[in-house]
Structure formats: C-alpha cells, structure tokens
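Got chain A sorted already, so can you dock chains B, C and D with the ligands onto it with the hints?
Chains as they are written, first to last, in the numbering used here: chain A, 62 to 730; chain B, 16 to 330; chain C, 71 to 636; chain D, 37 to 405.
Keep in mind the hints are simulated off the structure, nothing from the lab.
Some clues are possibly wrong.
[What the hints assert, rightly or not] Distance condition first, Cα-Cα at most 20 Å in a straight line; then the derived EDC-like pairs of lysine to aspartate or glutamate:
1) K105(C) to D121(C)
2) K158(D) to E358(C)
3) K399(A) to E46(D)
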Amino acid sequence: MKNGECILEVKDLYLTFNTYAGKVHAARGVNFSLNKGETLAIVGESGSGKSVTARAIMGLLPKNANIDKGEIIYKGRDLIKLSDREMTDIRGSDIAMIFQDPMSSLDPVMKIGRQITEALRIKQKVPAAEAKKKALRLMEAVGIDNVERRYNQYPFQFSGGMRQRIVIATALACDPEILICDEPTTALDVTVQAKILELIKEIQKERNLSVIFITHDLGVVANMADRVAVMYAGKIIEYGTVDEIFKDPRHPYTMALLSAMPDLETDSSTELYAIPGAPPNLLHPPKGDAFAPRNRFAMRIDLEEEPPMFKVSDTHYAATWLLHEEAPTIDFDTFKQKTLEKRRKFKEKEKNNEESQKPILEVRNLKQYFTSGFGRRKLVVKAVDDISFDIYKGEIFGLVGESGCGKTTTGRSIIGLYEPTEGEIYFNGELISRGQKHKGSRKFTREISMIFQDPIASLNPRMTVKEIIGEGLKISKLYHEDEIMERVYKMLEIVGLSKEHANRYPHEFSGGQRQRIGIARALIVNPKLVIADEPISALDVSIQAQVLNLLNELKNEFDLTLLFIAHDLSVVKYFSDRIGVMYNGKLVEIADADELYRNPLHPYTKSLLSAIPIPNPDYERTRKHIHYDPSIHDYSEEEPKMVEVKQGHFVYGSASEIKEYTKSLEIYS
Amino acid sequence: MARYIAQRLVLMVITLFVIVSVSFFVLHSMPGSFINDPRMPKEVKKAIEDKYHLNEPLIVQYGYFLKDFVRLDFGISIALQPKVNVNKILATKIPVSMQVNIFSLILSIPVGIILGIWAALKKNKIPDHVISILIIAFISIPSFVFASLLQYFIAFKLGWFPIVVTTEQTLTWSKFVSMVLPILALSFGSIAGIARYTRAELCEALNSEYMLLAKSKGLTQVQATTRHAMRNSFIPLANIIIPMFTGIMGGSLVIEKIFSIPGMGSVMVEAINAKDYPVAMGVLFWYSLVGLLTILIVDLSYGIIDPRIRIGGRK
Amino acid sequence: GNKDVDSEVGSQEVADELDEAKENEPVVYRIAGGKTVTLNPHIYQTTAESDTMSLIFGNLLEMIYDEETENYKIIGNHAVDLPTRNEDGTVWTFKLKEGLKWEDGTPLNARDYEYSYKMLLDPKLKNSRGPQVFDADIVVVNAKKYWDGECEWEDVGIKALDDYTLEITLEFPAPEIDFYLAFTGGGASSPVQEKIYEAGMNEDRTETNYGTSKETTPSSGAYKLEEWIRDQVKVYVKNEYSPIKDIYTVDRIESRVVEDANTRVQLFENNDIDTVVLSGANYDKYAEDPRLVFSKSTTVWSMFINMASEDKPFLRDVNFRKALFYAMDRKTIAEDIFKTAKPAPYVVSSFKIAVPSKGLTYRETEAAKSVLPQNDGYDLELAKEYFDKAYEAYGKKMEVEIQYFDNSENMKRVAELLEQDYENLFGADRIDIQLRAVPWNNAYDNMEEGKYDLGFGGWAGGVFNPWSSMEVYTQGFTSKIDQFKSDEFDELYMRTVKGDLIFKEQERIEALAKMEKILLDEVPFVPMYEPESANMFHDRIELITKGKYFPGVGFASLQSHFAPLE
Amino acid sequence: MKTKSENKFEFIHLDAEVLRDEKFEGEAIGFFKDAMLRFRKNRASVAAFIIILIIVVMSIFGPMINEYDYKQQNIQLALMPARIPVIEKLGIFDGVKTINVRKESIEEKYKDSLVEIVEEYKVRDVDMATIKVDMYKYKGVKDKYFWFGTDSLGRDQWTRLWRGSRISLIIAVLSMSVNIVVGVIYGAISGYYGGVVDLIMQRIIEVIGGIPLMVIVILFVLYYGPGIIPIAIALCLTGWIGMSRMIRAQFYKYKGMEYVLASRTLGATDRVLIFRHILPNAVGIIITMSALAIPSAIFSESFLAYIGLGLQAPEPSIGVLLSEGQQVLLEHPHLTIFPAFLISILMISFNLLGNGLRDAFDPTLRGQE
Ligand SMILES: Nc1ncnc2c1ncn2[C@@H]1O[C@H](COP(=O)(O)OP(=O)(O)OP(=O)(O)O)[C@@H](O)[C@H]1O
Ligand SMILES: Nc1ncnc2c1ncn2[C@@H]1O[C@H](COP(=O)(O)OP(=O)(O)OP(=O)(O)O)[C@@H](O)[C@H]1O
Ligand SMILES: [Mg+2]
Ligand SMILES: [Mg+2]
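Bound-form chain A, shown alone:
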C-alpha cells in the first residue's frame, strides 16, 4: 500500500446509546477516511462524539451502545460486521489505540515489561526472550532510559509522561498500521505534552503509521495534523488539510473555534471571542444544523434542514448552508471582522498610580511541607519551599508551572487552608498566616476568596445555586435573608445567569456556567483579593473564553486583585500583569508578563515558553521545543538566591548563573 492511499474509511456511522433518559445520539452520520501515512486530527468540543467514533473503530464500544447504521471499511472488510473474535485479531496488530489518561490506562499491578510484551506473547506467540528484546527496543524508541531496570518496574514508579510513553510502546508492540490517539496528552503538562507529541510524530514518520489524532486543542492540531476533521454534535462538519482549516475555515463553528483561542499577541485589554451557549443535548439532537442556535450567522434554513457536505476544494469540505450558492458569503475574515469588532475593550490597566504601588499581599519565605506516615515511612513533601513575592493592588499576578510544582498549595496557604510550615503572609500589612483557626485572621480571609479548578467538584451537588452563592454571606451573618437573596440575584446577573437559575442544581449546568457560579460565589463577599486556581483548565476552549472574559470584566468592575494560577502560559500571558514561574516548590522567575515573554532568563521559563502549542500550522512547523534539565544547576558551591536582574524582573540562581542571565539580558535589549 502506497502512501496517500485510503486505508480506513468510516461511512455514515450512526451511533446511539441506550440510557434511562432515552437514546443519546452520539454519532449522527460520521464520514471520513484515513490515508496511509497521514495524520488525521479530529477536533471538537467535549461530548461531540470523538471518542465514541474512535471506539467504534476499535470495536470497543460500551455495552449500551448500538451502531444503527454505517460501515467502517478496513482493508476491504467492514469492521462492524466482524465478530468479537475477529476484531480481537485486528486490535493491536492492525489498529492500536492510545487513551487519554496514562494514569489509569496501565494496569497498576502488572510490571511494565509484561504489559508491553503481553500482546506479543499471547497473540503472536513470540518467545519470551524475543518479546523482551522487542519491548526493550520499543521502550528505547519511546525515549525511556535505563530500560533493563525499567522493564521490571510497575506503572506507579513512572511519571505521567513516561507512563504515556509506555502506553504508546504498548500500542506499537504488534506493529499496527493505524494508531488512534484519543487525547493522549490532555492529562499532561505542556512540557511533557510537547515531548510526547514530538515522539508520536517521529514514530509515525519512522514506521509510516497512519494516525487518527483526537483532541480539542487547536494548537496541538496545528502541530500534528496533515488533515483535520472538525466534529460537532456527533457529525463531522468540516474537513480539509491543516492549512485549509486554519487559514480558510468555512464552517462558522470552525471559525468560532479558531477565534476563541487567545494567542501570545492578544492582551487582556481586549475581550476574547467566546462561542455563546452550550453544545446541544444529544438526547434530542436538533433539527437542521446543530450549531445554528449558537451561530451568529445562522440562517433560517439552518433551523430546518441539515446542510449537506459542500465541496470547497478537492481536499476541503464543509457542511454549512453558508456554502450554498444562494447564501451570503461569510469567510474567515468577515467572520473575524463581524465578531471581533463587536468585542468590547476593557479598561487599560492604569499602572504607576499610588494605590498600585502598595502591595496588598506580601508572601515572605513561605514554606509548606506535608508529612505523611511516621517513623521510617515518614515522607516529607516540600510542596512549597521558601518562596517570596508581593502582589500589588489591582494587578493580576499569574503563577505558572508544571503540575505538582506547588501552585495550588501556595494559593491555599494564602487563604489560610493550610498553616504554613514556615514564613509569613501579610495581607494589607497584617500578618494572616496563622491558620484558619485563629479568629483574628478570619476577618482578613473574608477579604480573600478563591475560585477553584474543577467546576464539578467545587460545587456541592446537593445545594441549589442560590444556596451555593449565598453561603458566604450567610456565614458572615452580616445580611438578612432577603438581602442575601437580592445580592445573589444581582451576582447571577453579573456572571451572565438569570434569576431563574437560582433554584437549580449544579449538575444541570454546563461546565462554563458552573465555573461562572463558582466565580459568583467567590465575588459575592466583596473580596479584595481573589485567588483563581486554574479556573479554566478543566474547560473546553470555547468555554474558556467565556470565563476569561467574565473574569476580565469583573476585575475592572470590582476593582479586584487576582492571583491567577494556571499551567497554560498563553492564557496567563493574555491575562496577567506580572507572572511568577514556579518549579518544584520554588519560584524561579518573576517579571512583567511582556518582559517575561520577551526576555525569559531561567532555562525552565524558556522551556515552558517553547512548549506552548500555538494554533498556527506555520508557526508549529518551525517550533523547536527547548528541553529543561534541572541537573544543569550546580548549587553545591554557591547558594542560589532570588535576584532582581532588571527592574521588576527577578530570577532564581547562583551568583554565576545570575551573571550569565544578566549578560543575556543585555544581549536581548
């Protein structure tokens, strides 16, 4: 089979789930084909049916799924018609799949080596020694070192990134022709993600694999894909080559999706484009174009008739009535124009006034250790290890760093959920770091509030929205019941929800709405400082924008100071005035947002910056990811310190490193 030839074809796949509530129409006629050696990306919001489609190909659908119609043709055979036994032969050896979550897709109690060789030994009856040899080679290929030792370890002894590599190795063990990657990196850090993506690309080249790559991150798509299929509400609504999709999108949904991504250029004074509303409920799929209710350019026909696939070019198709000859032409530029011009401008930050010179929060030598176990099993986690920084009134201070570096812990220590192991925290000049139990500090903590990462976990499922939002007021006992209600309604209004939502329960809301409820809860107590702990990382791109806009708006309205924690640098850059970069419990660099992007000094900051995927295929093709190796620091002789190398630009390092950093600064400027 030659490159470019079609190897897999999904035809009109229609898939439903039986649930108590009724039939969920998860895939409603999916059509696409995959060519030999290419990477096809499938993008779309959460719930649009990406995973279901992939699992249908593997024949691994949940028990309550039915394939109502459609074909999946692989090498002339319709996979749907095959028995489970026959599918077993195809799985792994012909088509392999990588799942989203590397933490749970490896069997926790089986040695890594056995998991890789398992399929070889069982299916191809390869002798043990040979299988092992092959596994070791694969492990090397996916970039694991010390393979001999690693071979006999268990998954928990591996980091997340390494586990995902093992999953890839497992998938490759039987030399499949097609690799389906279902969001293989969403659970990982940017830096790790970058490495994994590189790896997949490399392997694909090497082995001439065909890859179906499922993701909702357009940046990743730009990096990985040859061709892109955009999915919405169980349908592919547009597909084409990566350039066509990114540069000349035709479906308004694709356009909206592309517009919603903040890039490094936009700054927080402009509103982000946000797709309004929420994806349709697939229990009752809408008539006509499913996107119509959220589409600014929806036409009457969109509500009535489903659009067919219109051909744009040989490789580019889109299902939208806008391509109908009689319809008005809306191309990407007009879309941008029409939508972006309407974007509000936020107030410019006023810097350098008296107020903002005064730190509202001072963190001094904060240390937060966690100990678990006792005796020999005692384990001390230095989650935060001696950090100091100030936040000034009215500013947004961004805190970035990889997962587990201590960002959340920092935030929680500030609000008093933990009693610091060492160090002081001053709020408006008063010491508050004595833990929650102290009556005195409670008064101050009321002026600090927090927005949480997980919009599901942070709302009590058993309370109504109004109870959730009103709780802070109730606890403070400063207001009457009626007064509380009034304020709750006002707050709902402010975050874009209405009065009638007040009696609803959180599970009835979409992710974005829930996060807005969380924001309302944090703001209703009139805080001076808000700690936003990754408020958008759990959200879809399109909804991220909604929330960011809201925060942006509220910041001005309420005159807030924000500590904004995130791992997505592009978002932090868009949103923050100053940024602190954390690594392994320590702050390694603090600077103004622009300054940091322009002149990153610490190698970790550089690595982080280079790993951000940008939804621009041209950029992605040239991007080089800088790896960071902490062992380059030699602190055995010189004590590392935080040093201000330029006004407002701090970096962490030993004296000699600082000297080098300063030198490079000069070169930049």
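Relative to chain A, chains B, C and D with the ligands alone:
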C-alpha cells in the same frame, strides 16, 4: 518493613491487652456461678468458689488472671471440661473444626470466584440475575434450616451421605464422605459472600481504563478479565478471603450441632452459659489474637498483592 | 440428688445377650447422648455422667435386674456381700473380694477405697462431690470437718481395717437401703486408682486430671473405656477383671455424642443407633409405635410461688396460692404439651419407693392416697372461690410474673398456657401475668434469693428415700428455692431421716403423708406434672424387663437379649 | 421560488446582541428527587420496595385479617397443618397430614378423616400403616381455616407470623436507627478530625469489636430481660461499627473535596461543613446501609432466638417462630416453611432495595442512567 511490622505488633499487643481486660471484667460481672447444683450446701459452694478466688474483689481476681496470662496460661476449665487446661481443650477442638473449614474453603473460594466472575461478565443478563438470586437465597435462609434440610433429604431420605460425621480421627475417605454435607452447608454462605464481592469488584474493574487498553492490545474478553481485572479485584477481595483463612479455626454452632462435629462452634456460648471463665477468656484471647493478626495480615497482604504499597510508592 | 435440668434428656444405659448362633460375634449396643463433662468421680455433676461411670467404675455393691423376682436386686460387686452393721446402724463393715484388679491388672483392695475417700474429702482439692458423704442420706463421722480442713484423716469414719475390710462410721444411723445405695453404681463412692490420681496432681495438690481422658480413667467396673474422644464418641468393652462382668450380655457399647434431637431420631430410623429418647416434638410421630417404652423420673415439676414476697402481698395469701393450685390444668400440660408426662397434684413422685423390700411405692400406700386432692387437683369453681377471697383481700389488679427457662420450649409453652388459663379464668382485669425467660441456673438463683413471683422448678431425689428428699423444704436447707417455713414440718423431717422413725416403716410413711399434706395446704408451690420420657428400642433388642422401667436399673438394657446386627 | 429560498438564507441571529444561555426547561431536580427518579426506573428495586411495603402493611394488619389472636391458644387444635381456601383444592395446604398409626386405629379413630393409606408395614409384629388424614375433619373443625396452620399450643400461625414480622421489623428498625445515629456521629468525628482523634477512636473500635458479641448480648439479656428493646440494643452494641467505618471513609473522601474547601475559605464552621457539606454525601450510603442492615438485624435476632435468647413469650418474632419450627421441622414443616419463606423474601427484597438505592444515590451515575 520489619520495623513497620514491629510497630504494628506492639500496637496489637496493647489493643489485645485492653480487649482481654475489658472482657475479663465484663465476663466476671455476669450473675451466677459455675456451680449449678442447687442442692449443694451454701458453704460447700462457697468453699469451692474460694478455691478459684471467685469471691474476691474483681480487681484481685484480675491480678490472679494477669499472673497466668503473661505466660499465656488461662488455667484449667472449671465447667466445660473440668480440670483440663484451657489451651489443651482448644488444641483438641480447633483441628476438628479446621478439617471441615478447610474443605469448605477449598470449595467456596473457587466456586464463589467463578460465580462472581460469571455474574460480572454477564452483568444484568440472565446468568447474573440467577446467580444474584441464588446468592441472596443462600444468605437469607438461616443455616439451621438449611443444614437440617440437607441432612434430612440428602442424608436421611436419599442416603447418599451419612447423617452425622464419622468418628475417625484421621482423614479417611469415609470420613471425608461424611463431611460432605457439613462442608456444603458451611460453604453456601461463603460462596455467596465471595461471589457477591467478586461480582461487585469485577464490575468496577471491567469498566476501568486499563481493561480498555488491554482489549485494544487485542486480548479477548476472557484474557483481559483474567489477566488484568481479576488481579486488580484481588486487593479488595483479600479483605474477605484472608479472614476466611484465619476464620477456619472457628466453628459454626448450628452446623456442628446438627452434624455432631465436636468442634469449636459451641465452646464460647457454652463457656459463657456455664460461667467457665477460664475457657471463655482463653477462647476470647486466641480469637482476638487471630482477629487482630488477620487485620495485620490483610494490611500486609495489600503490600504483597499491590506493588504500589510493596515498593513504597504512594497510593 | 440432682436438680433435673430438663426432663427430656433421660438416661441411656441398656443391655443384651449373646445370640446362640453367632457365639463369637461380640454383642454391640449403639447409643447416642450428650457430652460428658468429666469422668472424675469426685466432681461429676449430672446423672448422664454417673450413668457412664456405672459402666466403668465398680463399687462395693451393684444393683441389677433379677429375672426371677422380676425386680431389682442389690448384690455384692467388689464386696463379697451386703455389709454388716452394728446395732444402732452407725458402724458398717464391708468385706471385699480377693483378687480384685484394676483395668491394668494391678490389685484393688480396701486401701484403694480408703485412699479414694480421703481424696474425695481432701480439704485442698475441695471436690464438689464431697458432700455426698456428709450432706446426704448418710453422714460419715467427721467427714465435713476433714473437708473443711479442721481435723486429721485419722478422725474420719472411713477406715480400711485391712486389705479386705472397710469400716464406715456414721454420725446418724441410716436405713439399710439408704446405706446400700450410697455404695452402688459408679460415682463418688467408687474407688480411684491412686497411681493415676497422684500422677495427675499439680504441684499444690489442688487439682488432678483424673478422669479427663481415657488414659486417666482406669476401669474398675464391668466395662472399660476402649476409646474416648471428647464430645464425640466413647467405646466401652468388657473389663476382664470385673467380678460381675458376666451379668451383662452386651460386650461392646458404642456411644456417640449427638446433641440435636432430630438428628438422633434420624440416626435411630436409619438403624445407626439402637435406642433413642423422643422429645415431645418428635413423639407424635411415634405415638402408636409398638417400640415405645417409658422411663420414669423422681421429679415432680412445680410452679414455685414466692410466698414471702415483700412487694406483692397477695402472694403471701394462701387463698391466692390455692387458687393457682386448683386452676392448674395439669392434664393438658402433661398430655398436650409434654405428651408423655403424667399430671401430678402431689409432692412425692409416684416412682419413689416407700417399702423397698416389697418394691411398694409411696403413692400406692393408703396414707399417700388420703392426701391426694380430687380430680388431679383441677377444680375451677374452687379456684375461683379462693381467688375471689384473695382478690377481695388485696383489692386491686394483681400483677405477677412467671419466670421460665430459656432453653426449654416446653416450659415456655407451659408458661404461655398458664398465662392464658389464669387470665381467662380469673379475669384479665383482675390478674395480669407476664412471662420472663431466664437461663435456668439464674432462675434457680433468683428463686433462692426470693427475686421472683412465680417460677418453675423441681427436685430430684433418691428413688428409695422419699423422706430425705423432703429436706429441700426444711428451713435449714441452704439452697432453698421455696419460701416455705414450718417447724412442724422440720420436726417430722428430722424424725423420719435422722430420728426415731427411721426403722418404723408404717409411721414413717404416715409422717411423710403428713409432710406432704402440710405442703399441699400451704402451697409454697403448685405441683404440676411428673415427666416420663418416651424411649424407643430397636427391634433387635428384647428388653429383659419387658419394657417396664425399674428404679435403679431402668430397662436393664445391658442385661437384655440382642439379636445380631445385620 | 426565489423569494422563498432567499428567505431561507436570511440571517436570523444577526441582530441579537449576545447570545444568551439557554433557558432551562422543566422543574429543578434536587438530588433526592433525581435519586428517586432513577430509583423508580430500576424495576427490580421498585418491586422489592413494593413487596417490603406489603410485608410492612401485612405486619400491621395481617394479624387482624382473620378471627384469631396471636396468643389465643386452643390446645386441642395444636399443630394443625396449613389449610388455605381455594388453594386446598390443588392438593396442597389442604389440612392433610401424613402420620404413622397402628392399623387397628384406622378403624377406631381415623375412619372418617382418612384420605388415603400410603403404606402398610410391620413393627415388632404389629401392623402399622402410614396414612394421610384430614386433620380438620379428624378434629371436627371442617369449618375452620388456619391459613398457615397452628403451633404447638394451637395458636394461628398466620396471625403469629405477621405479628412476629412486625416485632422483627421493629427490632430491626430500632437497632438500625441506633446504629445509624451512633455510627454516623462516631464516624463523622473520627473522619472529620482525623489525626490523633481518629487514631484513638479507631483503637476503641478495635477493642469493642474484639469483645465477642455473644457475651455482651447474654449479659444484656440477663440484666434487662429478653424484651424488644434489650434485644434491639444488644444488636446495636457492635452493629454501629460498620456504619461508622463507612461514614469515616466518606468523610475522608469528602473533606478534601473542593466545595468543602470552598466553603471553608468562606469561613464555614466545622458544624456547617460536617452537616451541610459532607454528611449529605453519605446519605446515599446511609440509606443503602440501612436497607441492608435491616435483614441482617432480623437474621441476628433469629440466631439469638435459636440459641435461646429470644423474646419474651408469648410474643413471637420471625426468629422465635423459626427456632420453634426448626425443632419440629421434619414433622410439622409448616411451622418453618412460612417464616423461612418470609425471612427470605424480606432479605431478598431488602437486598434488592439496597442495591437499587445504592445505584440511585451513586453520584457518578447521576444524570446519565
Ligand atoms: N456509555 C455511554 N452511555 C451514554 N452516553 C454516552 C456514553 N459514552 C458517551 N456518551 C455520550 O456520547 C456523546 C459523545 O461522547 P464522546 O465521549 O465521544 O465525546 P468526546 O468528543 O470524546 O468528548 P471529550 O472531549 O469530553 O472526550 C456524549 O454526549 C456522551 O455523553
Ligand atoms: N495535603 C497534602 N498532603 C500531602 N502532599 C500534598 C498535599 N497537597 C499537595 N501535596 C503535594 O504537594 C505538591 C504540590 O502540590 P500542588 O497541588 O500545590 O501542585 P500544583 O502546582 O497545584 O499542581 P497541579 O497543576 O497538578 O494542580 C505535590 O507533590 C502534591 O502531591
Ligand atoms: Mg473523549
Ligand atoms: Mg493545582
């Protein structure tokens, strides 16, 4: 590891000591005497009780008890088998119950697990429902009804097995045959328990991501289940299976009575009823010890089954 | 004398004879019963144990069934013959046979007996059977003192004068039958083997493991233990050295511990055992079975009344107690609940012998008949009459509680029946009866301490001495469970048991009737029934007593004719 | 045609300023309501629930349905086999009993009531026969129906069974309630505060769990008599341990949940956190455990009855009936069959109900199934 075990053992000794002490006072505060001959003259009765210090203040009795207890000697029985050392009584009774229990284990663990697997694989299908109903039926019919029926119909009416267990001391074929019914009667409960638990655990494991990966590697359902899901379900299963192993020293009051097995089943109840304090304390001590050891073994077994704990990783 | 725990469990000893045809085949007798707690003759508690001991422990005398007279008979076992006594009946002398041997062949003589008594009364061992020689039908000189540690063994009235002569000195004269009976059967008066008794002794000489296993239970009786697995099985075979072994036809007894009544019946039906005692529940099925025979008991079960009650004065009113007496439907209790029992409106069991020489029971005497109430003591009119009087005196609703044993279904039923009968008859507005289950030994404790209103109880006593059984109602009795007090009664008791009437047959019987009358007039308890248990013997056994049950020997099954096992 | 299609291709949202979130349809569905909705869809559980309801109703009204009273004895009619109208025509529950008699008494006693001679045989040269007898005719009470037969004092088993199930249920519910209250409080404190408090409280549990239940129950019954309350309490003495462990685990799991933290950052007190935020999560488990605890309490009660620690006579309970029945199981099976059947049905129903509730309250299944 050794240090951890040592720590646990020290804690265990303390707990055990408290259990034994509390039980001592509770037991001795029962009204009545181990002498139940009402015609015996009062002063004779008192004299005999005096011999066993039973008329002294509890705290003094406790002192006497502790003196022997530190040597793990519970003294002699005063009512169940008068003059026989308590530990010796247990040493003759426990093996009898164990014989039956071991076979019951050998039967119930595999059968229970297989039924559980089957039900889990056929979840919400007919085999699952049938097994589930059977399981509940096994659990819900009181064992004394069950054992009586087995004895009456299978042993007495059909004559397939002897009515009571034979008296041979070694395990011969005929002895084994006579033990079949009590083994069955004993097993129904544990089969049901294991099957139920296995089913629940497996249902969870079957839905896990690693099962998906295993299947996407090309393993069949059966291979994936046995190689991955079962292994992972085994950790919680250890919670009920290990106590079964240590529980083989106990006996079932009802079943032993019906099939005339001279085992541990009735010892505790009889000792309490007869106010045989030494026996009651002895049984209590050894059972508590086994119970606490079981907890320890279960905890340690996690380490053996689950490498995350064995190698010291965090959960 | 023991308190009956539950009448349903009776004794299980039986016998047989060799079949001519199968001369060399041993005669096997298979039985099932309860657990044996101990075979130490100095501390045993139950009749089941003493029955077992009768097989393996010889004694000076032995009671057997005599085919000629068709009655029981006492013969010498280790003793050459019946003992001789001095004139006033206080010093008795046994002559022992020569060449007696223990199971292991070592000689057994009068010194063994003396040692055995010495140990029985040892002040350190504090054997619970000790009182048998100082607080029973016979009272040995200084035995109590020695038991209390207050005198030397030399002062005690038990002496082996030489190897073949044993002399017993009593504090009070004893009637012959009482004295003989004290030395028959296996139990506290059988000898223990010094060698083994001493070997099992602990350092302080406070405990011995004698009789706790086959090894520590040497036989001196007609049978010896071949196997004893605790709580499971005992096998007895003939003891070659026993002088009376030929009296018994059974060569081998296999006794299985089976505690469940249903299981026993199934084993019997399945021909796995040769005899079974039927419980009331199983009786119905065999009610018309020709294999049924009935054994008797010396106990009359009664409902005791706390006639000294502080807080319930109506219990002190004899009218109230009489009302309960006459309102008791004994027939229903005996025949419908217990199935096999007999209604008993009297104190002394119909099984007790008053004239041993003639085998005449007390109840058959004229004196006894004269105190018997009409119609089994069931007279509702009379009952109501008495109750009305009592109610009038008390003036308000009477609340009483009946305590019953928590381990006996039948007793529970009796209580339930009485509750209904009494409430119906006297009116639920006038009397309210509550029931309360109590473990049986606590029930007796409660009664001793007077912490009850109404409660069931019964005393077993020697078959041959109805007089001494009256002790339990005297004021001096230490474990008294009734609250009855009468000087007249006590005096009569002393005269019949230790005083002038001992050897006066007729007056003694009349005195007994008088005592019974006093009790029936005062009603410290309401007699209810006397149990009889239904036994079934396998077809192959032909009972030598033809199914009759004799005092002391029962059905004499071990002397009976056995067809060989199939 | 043209105009029509132009119409079709007209923008419809263009003027709208910003698209707003959709409005909700229907009622707000609270957590419990949602659970109930999902519970109702589980047919087996609903059926089980209905059966339990029927049993509960029967345990209240069952004893009143016929003319008999639970303690009214009629010893002449003791141990009558079951006889149910209509069904008796099928040859079961028709008041017929198989007995062994001497052949001569067939003529004497059973002439009228004889249904059939099953077998004739000889014992010790006496002619015997196994015959089927219509006991109602034999006793001359052909007009009476004891639906479930009578016990050894001639009391109506139907009435006693329902009365007994009432008492068993009361005991079960009583002990379960106490278990829940104690278990929840204990588990909540232990789980919420953790650390040393937890360590000590768990050791206490170990000790209490180590003392054999039997001793405590016997003591209890000795002191307080075998009434409903003492037995119920006796079942509680260690029964709450399981509940407290579950609750503790729940607390461990939920006390770190983000919404709990959120509330804490707002200054919520421990009480609010425990009762408003954490405990409601355990409600599902509590309800499920309760449903499962009831049958096991009934079971324990019947075991106590079996070893003689039953209720105060003449009060019946399922356990008392069973242990009475077991003694005559082979001879009078009707005394065992009906209570055994009832207890099995109860167990099965409560188990199914428990499973249904567990699914209904499982938050992970929320919304989807
Ligand atoms: N087992 C199931 N039972 C019922 N509905 C299901 C099931 N699995 C998926 N669905 C529904 O099918 C639709 C498509 O799900 P799918 O997992 O394919 O989404 P996705 O595009 O992969 O989203 P994500 O980015 O969140 O992974 C969703 O509405 C989902 O709720
Ligand atoms: N309560 C705790 N007990 C013990 N260790 C903890 C605790 N909370 C956090 N840690 C550890 O401290 C480290 C820092 O955790 P933290 O949650 O602050 O990281 P983070 O930067 O917020 O990561 P993420 O991006 O994944 O949220 C981690 O290794 C974590 O495991
Ligand atoms: Mg997905
Ligand atoms: Mg975090």
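Status of the hints after comparison with the structure:
Restraint check for K105(C) and D121(C): the C-alpha separation of about 12 Å stays at or below 20 Å, so the hint holds. Annotation: proposed proximity of K158(D) to E358(C) holds, straight-line Cα distance about 12 Å (limit 20 Å). At roughly 16 Å between alpha-carbon atoms, K399(A) and E46(D) fall within 20 Å of each other, so this suggested pair holds.
The structure meets every hint from the earlier list without exception.
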